[in-house]
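Participant: Sequences are here, hints too, so could you generate the full structure?
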Amino acid sequence: MEFIQSIDWMQLLRCFVVGGIICIIGQILIDKTKLTSARILVIFVTTGVILGALGIYKYIIDFAGCGATVPLLGFGANLAKGAITEVQTSGLLGAFIGGVKASAGGIAAAIFFGYIASLIAKPKIKKQ
Amino acid sequence: MKKIETKQEYLDYVDQKSPNSPILKNCFNAFWVGGLICSIGQIIFDFCKYKGFDDTSCSTIVSIILIGLAALLTALNIFNKIGKFAGAGSLVPITGFANSIVSPAIEYKSEGYVMGVGGKMFTVAGPVLVYGISTSIIVGIIATFFV
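Residue numbers (the numbering used here), protein chains in the order written: chain A, 1 to 128; chain B, 1 to 147.
Since the hints were derived computationally from the structure, they do not count as laboratory data.
Bear in mind the structure is a predicted one, so any value in this text is a computation, not a measurement.
Glycine included, every Cβ here is placed at the ideal spot set by N, Cα and C.
Please note that the accuracy of each hint is not assured.
As the list claims (entries may be wrong) - Label-pair restraints from in silico Cβ distances:
#1 A:K124 <-> B:P127: 20 to 26 Å
#2 A:I4 <-> B:D55: 17 to 23 Å
#3 A:I116 <-> B:S57: 19 to 25 Å
#4 B:I138 <-> A:T89: 14 to 20 Å
#5 B:G112 <-> A:G55: 42 to 48 Å
#6 B:L24 <-> A:F3: 34 to 40 Å
#7 B:N77 <-> A:F63: 33 to 39 Å
#8 B:F53 <-> A:Q5: 17 to 23 Å
#9 B:P22 <-> A:M1: 37 to 43 Å
Unchecked claim - Straight-line C-alpha distance at most 27 Å; calculated DSSO-like pairs for lysine-lysine:
#10 B:K25 <-> B:K81
#11 A:K101 <-> B:K51
#12 B:K109 <-> A:K124
#13 A:K124 <-> A:K34
#14 A:K124 <-> B:K81
#15 A:K58 <-> B:K51
#16 B:K109 <-> B:K84
#17 B:K25 <-> A:K32
#18 B:K81 <-> B:K109
#19 A:K34 <-> B:K84
#20 B:K25 <-> A:K34
#21 A:K124 <-> B:K84
#22 A:K122 <-> B:K84
#23 B:K25 <-> B:K84
#24 A:K122 <-> B:K81
#25 A:K122 <-> B:K109
#26 A:K101 <-> B:K49
#27 A:K32 <-> B:K84
#28 A:K58 <-> B:K49
#29 A:K32 <-> B:K81
#30 A:K101 <-> A:K58
#31 B:K81 <-> A:K34
Claimed, not checked - Computed, partial: chain A to chain B, Cβ under 10 Å:
#32 E2
#33 C23
#34 A95
#35 I120
Facilitator: Structural data, given as structure tokens:
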């Protein structure tokens, strides 16, 4: 397989370590505070938007690839990047279009797959 | 009763782990599961790149595939088990966002397809989108003054 030979293992290692460290930060928030997972997700996305807007997150993405884009911080950074890029082409209108446009694939996929899953899966009755 | 329990299941599924489990072990599990999910994403990304897609398309494809996998694992009730074991390891990556939409969609099916599935789907993901998108709009508005 030509593809397997083309994999950059150092890149994959950086991705693994950075992705893991971001998850450790989340785990510490869970264990040390009594935040619900919803709040933690909100904190991660909002932090990602701010880091993306300040241009800091770009360097983490350059370093770690999907280790930075797959965590929700990356989702937030992508929203910010989309908004800023779109502003450059369409002005103020871009502020409202850009973020969602850049993240549309993920949002639409989550809604669509969620709906499909609800059609095929049966609700679990909790046994607690 | 059932309603509260099922709501807690996805809101607090991490909190429901044994409260006395040591933080170091939790962090270690979160580290390697989270790292693994990101690495799977990286391999998909590299494969898309190998197939000739540009970076933006590759990232979107990675998100869609990981969300699809998380939805499938949630539907099969496997994701909850991973979540109990890995904590933030499966919550913080985009899989956690997917799970937060898919899990209530399935649980609230009994309340009907419009207000149950369609409405409750956003119990956790709604706030994420509200704060994420609102912040990005503020960022965009500020950016217009600097362009």
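Participant: Does each hint fit the structure? Answer for all of them.
Facilitator: Taking the hints in turn, this is what the structure says about them:
no.: 1; hint: A:K124 <-> B:P127: 20 to 26 Å; in the structure: 24 Å, holds
no.: 2; hint: A:I4 <-> B:D55: 17 to 23 Å; in the structure: 21 Å, holds
no.: 3; hint: A:I116 <-> B:S57: 19 to 25 Å; in the structure: 23 Å, holds
no.: 4; hint: B:I138 <-> A:T89: 14 to 20 Å; in the structure: 19 Å, holds
no.: 5; hint: B:G112 <-> A:G55: 42 to 48 Å; in the structure: 46 Å, holds
no.: 6; hint: B:L24 <-> A:F3: 34 to 40 Å; in the structure: 37 Å, holds
no.: 7; hint: B:N77 <-> A:F63: 33 to 39 Å; in the structure: 36 Å, holds
no.: 8; hint: B:F53 <-> A:Q5: 17 to 23 Å; in the structure: 19 Å, holds
no.: 9; hint: B:P22 <-> A:M1: 37 to 43 Å; in the structure: 41 Å, holds
no.: 10; hint: B:K25 <-> B:K81; in the structure: 16 Å, holds
no.: 11; hint: A:K101 <-> B:K51; in the structure: 24 Å, holds
no.: 12; hint: B:K109 <-> A:K124; in the structure: 11 Å, holds
no.: 13; hint: A:K124 <-> A:K34; in the structure: 26 Å, holds
no.: 14; hint: A:K124 <-> B:K81; in the structure: 13 Å, holds
no.: 15; hint: A:K58 <-> B:K51; in the structure: 24 Å, holds
no.: 16; hint: B:K109 <-> B:K84; in the structure: 23 Å, holds
no.: 17; hint: B:K25 <-> A:K32; in the structure: 14 Å, holds
no.: 18; hint: B:K81 <-> B:K109; in the structure: 21 Å, holds
no.: 19; hint: A:K34 <-> B:K84; in the structure: 16 Å, holds
no.: 20; hint: B:K25 <-> A:K34; in the structure: 18 Å, holds
no.: 21; hint: A:K124 <-> B:K84; in the structure: 16 Å, holds
no.: 22; hint: A:K122 <-> B:K84; in the structure: 20 Å, holds
no.: 23; hint: B:K25 <-> B:K84; in the structure: 13 Å, holds
no.: 24; hint: A:K122 <-> B:K81; in the structure: 17 Å, holds
no.: 25; hint: A:K122 <-> B:K109; in the structure: 8 Å, holds
no.: 26; hint: A:K101 <-> B:K49; in the structure: 21 Å, holds
no.: 27; hint: A:K32 <-> B:K84; in the structure: 17 Å, holds
no.: 28; hint: A:K58 <-> B:K49; in the structure: 19 Å, holds
no.: 29; hint: A:K32 <-> B:K81; in the structure: 22 Å, holds
no.: 30; hint: A:K101 <-> A:K58; in the structure: 19 Å, holds
no.: 31; hint: B:K81 <-> A:K34; in the structure: 21 Å, holds
no.: 32; hint: E2; in the structure: 8 Å, holds
no.: 33; hint: C23; in the structure: 3 Å, holds
no.: 34; hint: A95; in the structure: 3 Å, holds
no.: 35; hint: I120; in the structure: 6 Å, holds
Consistency note: the structure conflicts with none of the earlier hints.
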